[in-house]
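Visitor: Each chain is listed here by its residues.
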Amino acid sequence: MLAVYLPILYMIILALLFGAGTVFLSHLLGPARPFKVKTQSYECGIPSEGAHYAQTPVKFYVTALLFLVFDLECVFLYPWAVYYRRLGAFGLAEMLIFLLILVVSYVYVWKKGALEWD
Amino acid sequence: MTDLLIIPIIKMLVIFGVCLFFVAYTTWIERKALGHFQLRYGPMRVGYHGLLQPLADAVKNFFKEEVVPDNADRAVFLMAPVISISFAVMLLAVIPFGPAMTIFGKRIDLYLANPSIGILFILGLATIGSYGTILGGWSSGNKYGYMGGLRASAMIISYELSLAFAVLSIIMVTGSFSLVDMVAAQQHFWDWNIFREPVAFLVFMISGIAELNRTPFDMPEAESELCCGYNIEYSSMKFSLFFLAEYTHLFVFASLVTTLFLGGWHGPVLPGLVWFFVKTFAVIFVCIWIRATIPRLRYDKVMKLEWKFLLPVALANVIATGVVVALLG
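Residue numbers (this note's numbering), protein chains in the order written: chain B, 1 to 118; chain Z, 119 to 447.
Here chain B stands alone, though its shape is the one from the complex:
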């Protein structure tokens, strides 16, 4: 049973080795002559001011929370979808009730203005 996943394990090892190896090889092959101006962060020539993460719009947090809500619903729907053909009309009714709750929260979020970006 687990033998199915063995090739995937090989692929994961190969992929990690490939990524790390490439970075290491270019580190070995490339020249390294850093000086003060070269290693400054690039901001069109003007000296950088303040921390780079100073201000983060709160909209991004709201989006992350909304994503969690909807993605969780989606995760619950996946096992149901695989068995759907065997569940028949009962499965359909169950799903409609479940999605109704989702739609109610979706309408609430929309009315609250959480989906606006301007």
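Keep in mind that a hint or two might mislead.
Quick partial rundown of chain Z residues pointing at chain B, CB under 8 Å, derived from the structure [as the list claims (entries may be wrong)]:
hint, residue
1, GLY165
2, PHE181
3, LYS182
4, VAL185
5, PRO187
6, ILE203
7, LEU228
8, LEU279
9, ILE289
10, SER296
11, ALA400
12, LYS422
13, LEU423
Please keep in mind that the hints were generated in silico from the structure rather than gathered at the bench.
Positions of the beta carbon are idealized from the N, C-alpha and C atoms, including for glycine.
Please build the complex by placing chain Z on the supplied structure of chain B, with the hints as guidance.
Guide: Just chain Z, lined up with the frame of chain B:
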């Protein structure tokens, strides 16, 4: 021993080599096609019509100096491109490239693994790959990079939703997570999921292009606004790895569209393997075509398109699929 170790490792190396070759040439196809779309030639100098250009780029980038900015988070800065490329390459493990073949009297399936959770594996690892983008932007210690990474993360997780719901309706039709089962269910031309689920196909295409950060949704890069966004501070091979990861994701996306909607390796006359790559490169060409045609959207419009249009459409499509499948029995 042979079945558990030697054959999978040979298959893995072949899949890795062939796919990386195709991915490298996807960059050539893209530059060439974009050139001709804009009435110029694209790469012409290295080899016949620039055919050796990907090789020349790789060699050049290996010998470039790698600059690590002073205020970068060094460990994360080095890790980000590795995460990006590794989790893109891992996706190749479950893609079914063709029907079973007989080599030296042994039956060889043209895929590395067929786990019963194939599509979940791809959705999960594809999202982890976006950590590379986010961490790369965050660890650069650069305002543009941070902004690009932030926008990328918000956009990728948003479009993940409609993508997942589009796949959901395909799973309802097929009744399996396995990509091989999905291909097997689309044996005849009229069985292709693009005809059964046209809405899911459109939603999948649009959200897939957004997940790939390609124009018209190339928010994290936005050359004219963010000076290339999350990879602004990256140089040498680390920069190349981000691009390689992007094109590997494009290749995987195109093969997913082929597998889920366009009947996978099924097709008349030609062998299955050829059909798979013909369809995959047709999808890649459509992506390049879209890039050459549509200008970049404004960020608030990108988010509006997802949350106010694609998500409800994808949800309605799931309900409609449920009703139709229940009625047809």
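Visitor: Is the interface hint satisfied for LEU279 of chain Z? The criterion is a beta-carbon contact with chain B at less than 8 Å.
Guide: 5 Å, holds
Visitor: The hint names ILE289 of chain Z as touching chain B; please verify it with the least Cβ-Cβ distance against 8 Å.
Guide: 4 Å, holds
Visitor: How about PHE181 of chain Z: closest beta carbon in chain B under 8 Å, or not?
Guide: 6 Å, holds
Visitor: Hold the hint about ILE203 of chain Z up to the distance rule: shortest CB distance to chain B must be less than 8 Å.
Guide: Status holds, d = 5 Å.
Visitor: Once the shortest beta carbon distance from ALA400 of chain Z to chain B is found, is it less than 8 Å?
Guide: 26 Å, violated
Visitor: Report holds or violated for the interface hint on GLY165 of chain Z, using the least CB-CB distance to chain B and a cut-off of 8 Å.
Guide: 23 Å, violated
Visitor: A closest beta-carbon separation below 8 Å is what the hint needs, so does VAL185 of chain Z meet it against chain B?
Guide: For VAL185 of chain Z, the interface hint holds, since the closest Cβ of chain B sits about 6 Å away, which is under 8 Å.
Visitor: Let me know if the C-beta of LYS182 of chain Z comes in closer than 8 Å to any C-beta of chain B, holds or violated.
Guide: 5 Å, holds
Visitor: Using the nearest Cβ pair, does LYS422 of chain Z come within less than 8 Å of chain B?
Guide: 7 Å, holds
Visitor: Measuring from the C-beta of SER296 of chain Z to each C-beta in chain B, is the shortest one below 8 Å?
Guide: Since chain B brings no Cβ nearer than about 10 Å to SER296 of chain Z, farther than 8 Å, the hint is violated.
Visitor: Should the hint that LEU228 of chain Z touches chain B count as held when the rule is a Cβ pair under 8 Å?
Guide: Violated. Min distance 13 Å.
Visitor: Return the status of the interface hint for PRO187 of chain Z: holds when the least beta-carbon distance to chain B is below 8 Å, violated otherwise.
Guide: 5 Å, holds
Hint violations for this structure: numbers 1, 7, 10, 11 and 13, all remaining hints satisfied.
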